[in-house]
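Chemist: Sequences listed follow chains X and U, in order. Residue numbers for the first sequence follow our numbering, beginning at 1 and rising by one. Residue numbers for the second sequence follow our numbering, beginning at 1 and rising by one.
Any given hint might turn out to be false.
Stated by the list, open to error - Listed next, the in silico EDC-like pairs over lysine to aspartate or glutamate satisfying Cα-Cα at most 20 Å (straight line):
(1) K140/X to E83/U
(2) K128/X to E199/U
(3) K152/U to D212/U
(4) K111/X to E145/X
(5) K283/U to D218/U
(6) K140/X to D212/U
(7) K111/X to D185/U
(8) K194/U to E78/X
(9) K5/U to E83/U
(10) K140/X to D12/U
(11) K254/U to E216/U
(12) K128/X to D61/X
(13) K227/U to D185/U
(14) K128/X to D67/X
(15) K140/X to E114/U
(16) K160/U to E139/X
(17) K143/U to D27/U
(18) K92/X to E78/X
(19) K111/X to E228/U
(20) K128/X to E192/U
(21) K111/X to E83/U
(22) K26/X to E68/X
(23) K111/X to D212/U
Simulated from the structure, these hints should not be mistaken for lab results.
Given next are the chains, with one letter for each unit.
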Amino acid sequence: MEKELKVSAIKDGTVIDHIPAQNLFKVISLLGLENIPNQITFGTNLESHKLGRKSIIKVADKFFADDEINKIALVAPEAKLNIIRNYEVVEKRVVEVPNEIIGYVRCFNPKCVTNHQPVPTRFYLVGKHPLALRCHYCEKVTTEEHLVIL
Amino acid sequence: MIKNKSLISINDFSRDEILRIIELAADFEANPNQRLLEGKIIASLFFEPSTRTRLSFETAMNRLGARIIGFSDVNATSTTKGETLKDTIKMVSNYADLIVMRHPLEGAARYASEQASVPVINAGDGANQHPTQTLLDMFSIMKTQGHLENIKIAMVGDLKYGRTVHSLLMAMSQFNPTFHFVAPDELKMPEEYKSFLREKNVSFTEHRDMNDILPEVDILYMTRVQKERFSDLIEYEKVKNTYVLRNAMLDNTKDNLRVLHPLPRVGEIDPDVDANPKAYYFKQAENGVYTRMAIIASILGVK
Ligand SMILES: [Zn+2]
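All chains, full assembly: derive it from the sequences and hints.
Modeler: Okay, structure coming up:
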């Protein structure tokens, strides 16, 4: 808890902890945080036993729906959420990779129709460790090492 | 129910639907001129040339009495002017009752089927799927063996990139086959298909020399070994003659053995095999017309 003090506390909202430091900006973009008016503070390159260097994001007055927050599981599988009400943690949540992933992952197959036509990508989760996603269109499997967030 | 269903991947059809298509194909073979589609229009959209597949489909359409619109050369269409696939498909589905399409991009047929208001048949999407080929292969196995259960199938040649062998493997796995894979090291059956077979409890063996298994098999499925697939041309020179079938090699094989090949062949079946009654590849190509008649007639609900 003492590490959280490095980022100012919020009255109501969501704290997203245990984001790998190198993926902070991917998380910000997946959640569309650059486009919302809420007060957002983040810290990065904080020390973490688990991750080496981690990031933390605090979003005031924002509570995420499951399908919204689960998007970040692809880049921050260990992320922990603290839901804050009146400066108190009222709920803790973890993220889970969704079974169907629509519109934010690139298919690694250069001959896939989604890389040539204006088609939103769509994948089915076929493996969690390591991550493996089967493309709905070309049927090829994109694995963790080739994962690119759009 | 096959009616109004698109056929994009062989996995879209259940075991019963596959058997139904095969049964109907036999029906059409016995009686090929059935003008069941008088007044229907079918779009034949070939975004890349494939004369063999197109002629087979268009023969099937003509025998059913349908009229055909479409193109066989993408340079003649507005796609080259930058029209999206979605726009082409939306427009054509307002004209035709069914779309048959071939496209160089993988997944293009699935995407088209989501945009079209009429069913779509995939006539090949890049290296991905070519389900009508798989169904005609299965019709050929059924005709030559009398059934589909417990067949011993040797697949020879390029087992790494060959989409026809991958689709056939998946579809036949529902009928308790035994597979023998014969390929050079560089073109071996990919691990994902082998683990699929292990999961399904389908037995298979791997070989470098087809003579090892020829006496045991019911179906010998030959494929092209293309020079451009090899990273090492010395390796190609070493193996190229190993994957050529010659007539004398068929001497000690089972009477019911039949040799299949998706065609066109390059050098992998010596012409001296052609006269052998076990050579079945030309008949197999003819079977494609009846199979495609069966697929089209089922989807349009006239059979
Ligand atoms: Zn894809």
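Chemist: All hints are to be evaluated individually against the structure, with a verdict given for each.
Modeler: A quick look at each hint next to the structure:
Note on K140/X and E83/U: the hinted pairing is violated, with a Cα-Cα distance of about 26 Å set against a maximum of 20 Å. Under the criterion of a C-alpha separation no larger than 20 Å, the hint pairing K128/X with E199/U is consistent with the structure, at around 18 Å. In summary, the hint linking K152/U to D212/U is supported, as the alpha carbons are separated by about 14 Å, within the 20 Å threshold. Only pairs whose Cα atoms come within 20 Å are accepted, and K111/X paired with E145/X is accepted, the gap being roughly 18 Å.
Distance check on the hinted pair: K283/U and D218/U sit about 17 Å apart at the alpha-carbon level, within 20 Å; holds. Taking the CA atoms of K140/X and D212/U, the gap is about 33 Å. The hint is violated against a cut of 20 Å. Between K111/X and D185/U, the direct Cα distance comes to roughly 25 Å. Violation of the 20 Å bound is thereby established for this hinted pair. This hinted pair does not check out: K194/U and E78/X have alpha carbons roughly 33 Å apart, beyond 20 Å.
Restraint check for K5/U and E83/U: not satisfied, since their Cα atoms lie roughly 26 Å apart, outside the 20 Å limit. Distance hint between K140/X and D12/U is fulfilled; the C-alpha atoms sit about 16 Å from each other, no more than 20 Å. Of the supplied pair hints, the one linking K254/U and E216/U holds, its CA atoms being roughly 7 Å apart against a limit of 20 Å. Note on K128/X and D61/X: the hinted pairing is violated, with a Cα-Cα distance of about 32 Å set against a maximum of 20 Å.
The suggested pairing of K227/U with D185/U holds, with an alpha-carbon distance near 14 Å, which does not exceed 20 Å. A C-alpha spacing of about 17 Å is found between K128/X and D67/X, which places the hinted pair at or below 20 Å, so the restraint holds. A threshold of 20 Å between alpha carbons decides the hint, and for K140/X with E114/U the separation of about 19 Å falls inside it, so the pair holds. Taking the CA atoms of K160/U and E139/X, the gap is about 16 Å. The hint holds against a cut of 20 Å.
For the hint linking K143/U to D27/U, the alpha-carbon distance of about 12 Å falls within 20 Å, and the restraint holds. Between K92/X and E78/X the alpha-carbon distance is near 13 Å, which keeps this suggested pair within the 20 Å criterion. Under the criterion of a C-alpha separation no larger than 20 Å, the hint pairing K111/X with E228/U is consistent with the structure, at around 18 Å. With a C-alpha separation of about 16 Å, the suggested pairing of K128/X with E192/U holds against the 20 Å cut-off.
A C-alpha spacing of about 18 Å is found between K111/X and E83/U, which places the hinted pair at or below 20 Å, so the restraint holds. Proposed proximity of K26/X and E68/X is supported: the alpha carbons are some 14 Å apart, at most 20 Å. Note on K111/X and D212/U: the hinted pairing is violated, with a Cα-Cα distance of about 37 Å set against a maximum of 20 Å.
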